[in-house]
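Undergrad: Once you've looked at the hints, dock chains F, L and C against the given chain G.
Each chain, letter by letter, is given below.
There are 4 protein chains.
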Amino acid sequence: MSIGIGLIGTGWIGEQHVHRLADKVAGAQVVAVADIDPESAGKVAASVGARVIDTAERLIADPEVEAVVVTSWGPAHAEQVLACIAAGKPVFCEKPLITEIADGLRILKAEQAAGRRLVQVGFMRRYDAGYRQMKRVLDAGEIGEPLMAHCVHRNPNVREAYTTEMAAKDTAVHEVDAMRWLLGEEFTSVQTILPRKTAKRFPHLQDPQIFLFETASGARVDVEAFVNCQYGYDIQCEIVGEEGAVRLPDPAAPAVRKAAKASVEVLQEFGDRFADAFDVELQEWVDRLLGGQEPSGPSSWDGFAATVVVDAAVRSLHSGEIVPIELPERPEFYA
Amino acid sequence: MSIGIGLIGTGWIGEQHVHRLADKVAGAQVVAVADIDPESAGKVAASVGARVIDTAERLIADPEVEAVVVTSWGPAHAEQVLACIAAGKPVFCEKPLITEIADGLRILKAEQAAGRRLVQVGFMRRYDAGYRQMKRVLDAGEIGEPLMAHCVHRNPNVREAYTTEMAAKDTAVHEVDAMRWLLGEEFTSVQTILPRKTAKRFPHLQDPQIFLFETASGARVDVEAFVNCQYGYDIQCEIVGEEGAVRLPDPAAPAVRKAAKASVEVLQEFGDRFADAFDVELQEWVDRLLGGQEPSGPSSWDGFAATVVVDAAVRSLHSGEIVPIELPERPEFYA
Amino acid sequence: MSIGIGLIGTGWIGEQHVHRLADKVAGAQVVAVADIDPESAGKVAASVGARVIDTAERLIADPEVEAVVVTSWGPAHAEQVLACIAAGKPVFCEKPLITEIADGLRILKAEQAAGRRLVQVGFMRRYDAGYRQMKRVLDAGEIGEPLMAHCVHRNPNVREAYTTEMAAKDTAVHEVDAMRWLLGEEFTSVQTILPRKTAKRFPHLQDPQIFLFETASGARVDVEAFVNCQYGYDIQCEIVGEEGAVRLPDPAAPAVRKAAKASVEVLQEFGDRFADAFDVELQEWVDRLLGGQEPSGPSSWDGFAATVVVDAAVRSLHSGEIVPIELPERPEFYA
Amino acid sequence: MSIGIGLIGTGWIGEQHVHRLADKVAGAQVVAVADIDPESAGKVAASVGARVIDTAERLIADPEVEAVVVTSWGPAHAEQVLACIAAGKPVFCEKPLITEIADGLRILKAEQAAGRRLVQVGFMRRYDAGYRQMKRVLDAGEIGEPLMAHCVHRNPNVREAYTTEMAAKDTAVHEVDAMRWLLGEEFTSVQTILPRKTAKRFPHLQDPQIFLFETASGARVDVEAFVNCQYGYDIQCEIVGEEGAVRLPDPAAPAVRKAAKASVEVLQEFGDRFADAFDVELQEWVDRLLGGQEPSGPSSWDGFAATVVVDAAVRSLHSGEIVPIELPERPEFYA
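Chains as they are written, first to last, in the UniProt record's numbering: chain G, 1 to 335; chain F, 1 to 335; chain L, 1 to 335; chain C, 1 to 335.
Please keep in mind that the hints were generated in silico from the structure rather than gathered at the bench.
None of the hints are false.
Among chain F residues calculated to face chain L with C-beta under 7 Å, some are:
(1) Ala259
(2) Lys261
(3) Ala262
(4) Val264
Straight-line Cα separation of at most 30 Å, DSSO-like style, residue types lysine-lysine; simulated pairs:
(5) L:Lys169 with L:Lys109
(6) G:Lys200 with G:Lys169
(7) F:Lys261 with L:Lys169
(8) G:Lys135 with L:Lys197
(9) F:Lys135 with C:Lys197
(10) L:Lys261 with F:Lys135
(11) C:Lys197 with G:Lys261
(12) G:Lys261 with L:Lys261
Positions of the beta carbon are idealized from the N, C-alpha and C atoms, including for glycine.
Isolated chain G (complex conformation) (with noise of 0.2 Å):
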């Protein structure tokens, strides 16, 4: 038994998605892609046996596409979910799901017009295996009611086409999510401080910044964005509870004793560190599907609180200023 899957963009995620469905994730089968450069889509369809289908539209309309993989660039994201859910069809999309608020609202009435979850949304650190036996830890209530989240994410160096306004929306966006649902809450305002640059990078770039995060119930939560910090890709957390601490996990590696030092391999790609979350990611989701049921990651209420967040830590890096979060009330429908 296996879900006909059509994708649309075959950039650098959208391929190796493909490539996931094809050959890591059992019980999908890619059907169809599509991108509006048709040889990247004749070249990936190629690779995996699938048919190309010339427009995102033709694709969601397609009866052989039973769900939707959406790794188009980020402003195209909110028409082709629209178009899933017009459809009927369960949609996986990439982050960011909206780049504009109001195509949140937009996302979040139609999904409930259409009386049930078709919209799962690609944070997948809730996937990864480090995070989730965090999560345990805290919902266990091992370290008791958290009060602070301590947070690092670190490239080693990023391309010159990355903006400062960059490291809230793509970078730091994955704490937003992953602490938005570790801890159980919404954010309530952001302020956005700016280090000392580093020379190593290209000027135009604010390089580090942090955001510091207040939630719902008081937790501070602190994120050191740093995407040109030279020797590797680099996730660190802490959430510190009332009884006690848990700090995630450095990823496996075995420590090698040598020329007076002993050391252990840091990562430098993200696609490293989050390879086997991303596998289960798709996974979970196909299997979900086969299943009949709806998907149970990240949904559109969080694709849609995470941008809310970031868009407040950018005006709060142009302000200088403490800069509140101003989220709706979340449906009831999202529970």
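TA: The following block gives chains F, L and C in isolation, referenced to the frame of chain G:
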């Protein structure tokens, strides 16, 4: 595209593999199962929509069965593997491949006569991420020529049916295979050492035991097998070379600071410790078959050699002497 | 050869220092003690064969007293230190050097007038092996220019007399000194952030608190002070530079694997955590004096600057605003 | 109050101890030194203001010398220790106490005749914080009855004069003492195992070696001695009991993340690894003497037993056989 698999033996590991193949391995379809207990076979078959076939022989012969997984009890493995070879069907056989040396010689002969590798043996550690990272470190020459390996294999406890001989045959056999693979050479002698027995378990059982192996190059491998260590399932390994040392990582787990301790959980089950390894093992086996390739995992030779080694360890257990390991020359076929 | 030391204030830390000087520090002899409580002074004096002198003034003036250790209560420090300077005697003063900024200016002026460094302030972390190793890493340029520091200061709990202002004045002041020393620059602003309070302790107390400092170069230092964390006395610190990051080690402790956990003990007392640092601090102070050298440890300037910084943190606590830190220019004398 | 110490033998360790006693140990005063090389004695004496005495005998007899430290070359130890016993003066003797078994018996007899413990042997590991923590864990019963110990003793390299026999006599002897102390029982047999030799060092030397000891209770202790491991001075130890296991901590060191590695430094010198242990060892010895107590450290019996054990290890090295360790019954005096 998928391959039709028949599985023989629906005990614990068989049932695990059926669900692994059905739910996690892309490109595999369990089409048939057989077991000496028809009820067990029926239940497992029903859970994945496979047929029950009443005997191993008929299952192997079934035209829908393109490849076979053998998870029956150990003494039955050799005949079932030989039947697969005779039928020209690829077979994945759980360890042990053989319980009698003579059977191993028959399998090696039959497979060579068949002219291509048909057999893979279920030494799953070669698919564990940590061991694979160690292998890369060794093969890159990072620690120079290996001189010693220190291994630890601990279980929290074993059932009463576990016998003193099983420390070599069922427990240390995993280290035997892993070290043969990591070091790339054969073992030439073994000495079994009997420390003071733990009082925490059955009086009939000599536990722990230490196995001291020598390899063809003179490297020394010591393996502590302690199957009632109480605290957890714990696999440790350090390889020491002329220029450095490398250590198998513990599984990644979040550190919790609480009540005057900083602690990480120690797993209790080998099935949890090597869950990913089992998945990768079967996925890679299926991928090779789908790609029309011979299996690349542990071969008949590896299964045969491991049994020769642990048989010698058992002789040393009884004699108290250093026992030479007499292995015929490895056929070119298995180079 | 040994130096005669008089100690003022035989409370907890005073008694500790008396025994440290008597039993562990080579070249020191405690010749006299004074305390406002004659009984306490008498008991401590008797334990090491020292004389009791009835007032601090007379102790400082006593001809046998070649150097003074001030461990009286904080508000008395400034006058006692000034008296030592007036007497031309080296003085080791426990933190805080001052409780009023004006006193600091008087001490700086008096010491400069004396023409040589007479004062050392008891910021013992500069003598902790881990911090010293970090300092070597930083000074060797291994991580490049520092951009951020993340500090954590946790106590298992505090007594009821501990006030909200003490989080800055008594607790984070240690990080203030350690970071000024490690980074080699002054702090220029501070923001005190008040997370959700722990319910595990006195309602009057805002605990935890986060202090966010900026330095002259624009580096950012965040300090979590959480003095009722329940689980232990836990000091963490990571400094992030342009090319790498360095982290303060936890105290070495044997890992115990037992009952499904691998755990190390977390210390409960700052006295245990920094026992060696206290010893080294006083030994090096005595060694300098015996060698006829000025003290090389934290200076009057360091004691003054730390108080200016934590005073600003308290103002931020009350105002909720970012508070600039206005420090006069550092005299050449303290370069 | 201080004790006048005379030191015999101003080689490397002697000079270290002189400065340790002069600069770091409270209550000790080096009053005299002797060495067969008068120039060496003169230089060391001058550095701490001690007298040179021309022979060991005269130094021991000198009325200012209240206690003796023996750091001469090994074969001279026994006579000098015997002379101290005859003079009724406490003596701290660096290892080895003896190089001939017969000398050990004479020392044991003489000390018992003297009626009180006068001799302490310089096995400094008993004063290392990590080993002491392990001892507390063991003595508290946390891991239950010990069944096995796995020890590793690695040096980066040794000079050409180091012989194959020294792996037991000079290197593994530290583990012999540490394990006798930790386990609280004697060793009963030893087997020396010769792995493939490293090619990184002198051809005359069999390096590494593994020593496999049995204790009176049947526990097994394996010791890897690898003195040209290239990468550092590395001491590891795990003790495995019926209910858990405990591992000696590595020295605390800051982790540096840089250039795709997270690394900590590995020390290169045993003098650095055990610097604190040496300090504590002499401080506690001096404290006992100042307190009018017999020494509490490793006794003549411990020094004797260690030599008996490593002599047997050397015999096993030559014979290739398991060699029984024949130790007379321990006199009550040393209980």
